[in-house]
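Peer 1: Each chain is listed here by its residues.
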Amino acid sequence: MKKTLYALAGITIFVVLWEGYKLVGNPEGTVLFGVRVLPRADDLSMPHLWTVLERLGRPELTGGRPVWIVIVQACLFTLGITAAGFVIGALVGLLLAVAMQRFRIVERGLLPYVILSQTVPLVALAPLVAGWGGTIMPSWATVSVIAAYLAFFPVAVGMLRGLQSPAASGVELMRSYAAGWWRTLVKLRFPASLPYLFPALRLAGAAAVVGAVVGEISTGTRGGIGRLIIEYSREATSDPAKVYTAMLGAALLGLVVAGLVSLLELPLMRHRRHVEVVTL
Amino acid sequence: MSAVLVSSLTKIFNQGRTDEVVALSDVDLEIKSGEFVSLIGPSGCGKSTLLRLIADLIAPSTGTVTVAGKSADAARREQAYGIAFQQAGLFEWRTVLKNVELPLELRGLSKAERKAKASEMLELVGLAEFAGHYPAQLSGGMQQRVAIARALAVRPPLLLMDEPFGALDEMTRERLQSELLGICAQTGTSTVFVTHSISEAVFLSDRVVVMSARPGRITASIPVTLDSRDEAARQSPHYFECVTAVRQALRGTPLTSAS
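Note that the protein sequences, when read in sequence, are chains A and R.
Here UniProt numbering is used: the first residue of the first sequence is 1, the next is one more, and so on.
Here UniProt numbering is used: the first residue of the second sequence is 1, the next is one more, and so on.
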């Protein structure tokens, strides 16, 4: 209940800021020493929010389907790509983290490259992936690979921290039980890493959405929300509200993914919900 | 057969490097079956190191450790001892019952057996009604009792404790000391108990082993023969004599009489 109120308050604040700025802002934008410090507030750059909402209900092209249906379909397409990328990325991240925890030398040798992998610009990499992968898999799959490439990173780094998080006494305890590496992993390190894993998964979810959207754009994959944003932005001069509908869709997609990821958490973090302390 | 036999044990950390530390030098110690022995000494005297060597958590530089007639390594593999540390170290994602079940799980016991044994141990430490709670819901003293129950779950012939009550307040401490004695008497477990509290060592032990630092070695072994281990014992003249003897041994003044 409280959460819903906060969410509504957040939306209200956004609406007030947007429409408020439109009301008082300079339609040509504020330029200071030749640098535009505040954006244009005219209808072309910032359409009224109700215009955007109303645009959702009207047909995409004359006589076509309403925009909202097109956007929901595009979002579902991209959601599929994101999900595939997220799953692949999370698995790769998990395996890397386990390997790095197991072998010190792997951690030393691999971790710099894991970090380096994220400094390569995605727009440079995406066409390469599309080029290599295009011959062996459908284009949606290459986009998934790009999404996975972004998603594996937070999981690998977060999970490594989590696997290394148990106190020395816990590790010694497992040793005193004559538990080997595998059983220590299953009984101690994995459960102990969950509080690190879930925030990492949430980041990975967001990264997978970005990867999917950018991947669609740079590989020219049709059918997804990323492609739709590009298509609609070409019409921005004649129909400025249209591109905002697509952006709204992309934002909602991000929220849905974040929500789905946090659903994973519920059954696994039961112990975190009990806080009251009994004393005896 | 002795529960623990340590002979000419030496442990050097970072051997051959500039930060080399001789933690233990030529230590001999025998703990008889059913005996309760405390290790006491200043920080850095190697008492925790000695306990870890007996537990085979670290390997000795030279010398041997025998636990119940077997090498320390074999004893660890057979879970021939239970261990408890200063921090309870419970797994926060497991309920109290599941925490106590952990060593049984790793031994491959069936679900029903695990539950029965773990419940019995919780009964022993007086926490049966908290079986379904999570560790974060318990006070420090209760958590430490769960840790003791966990250490005893496989019914080991030997219990190793590293300042288990060190982080607790005085009142909880004294109550747990009495409970521990009751449990050890009931189960017939031999115990090695590391502490830095003289009164705790004397009250609990059949024998107090005094250690000194740099290099870590055993300087005295003081037998304690209290008639009973209750509140009256804490007031008895013999108790105070032993406390004095341990204190003198810790200070390094010549030992006169300990009986």
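None of these hints come from the bench; they were simulated from the model.
No residue lacks a Cβ here, since even glycine has one placed at the ideal position from N, Cα and C.
It cannot be assumed that every hint is accurate.
Claimed, not checked - Derived lysine to aspartate or glutamate pairs resembling EDC-like cross-links, with alpha carbons at most 20 Å apart:
(1) Lys-98(R) with Glu-172(A)
(2) Lys-187(A) with Glu-78(R)
(3) Lys-22(A) with Glu-54(A)
Stated by the list, open to error - Over 12 Å on every C-beta distance to chain R, these chain A residues come out as not near it, computed from the model:
(4) Ser-169
(5) Ala-178
(6) Lys-187
Peer 1: At 12 Å, judged by beta carbons, does Ala-178(A) keep clear of chain R as stated?
Peer 2: violated, 4 Å
Peer 1: Take a quick look at Ser-169(A) and tell me if its Cβ sits farther than 12 Å from every Cβ on chain R, holds or violated.
Peer 2: violated, 4 Å
Peer 1: Holds or violated: is the Cβ of Lys-187(A) farther than 12 Å from all Cβ atoms of chain R?
Peer 2: Label violated. Min Cβ-Cβ 7 Å, cutoff 12 Å.
Peer 1: Please work out if Lys-187(A) and Glu-78(R) have their alpha carbons no farther apart than 20 Å.
Peer 2: holds, 19 Å
Peer 1: Next pair to validate is Lys-22(A) with Glu-54(A); report whether the Cα-Cα distance is within 20 Å.
Peer 2: Holds - the C-alpha atoms of Glu-54(A) and Lys-22(A) are around 18 Å apart, at most 20 Å.
Peer 1: Could you grab the alpha-carbon distance between Lys-98(R) and Glu-172(A) and see if it respects the 20 Å cut-off?
Peer 2: holds, 19 Å
Hints 4, 5 and 6, counting from the list given before, are not met by this structure.
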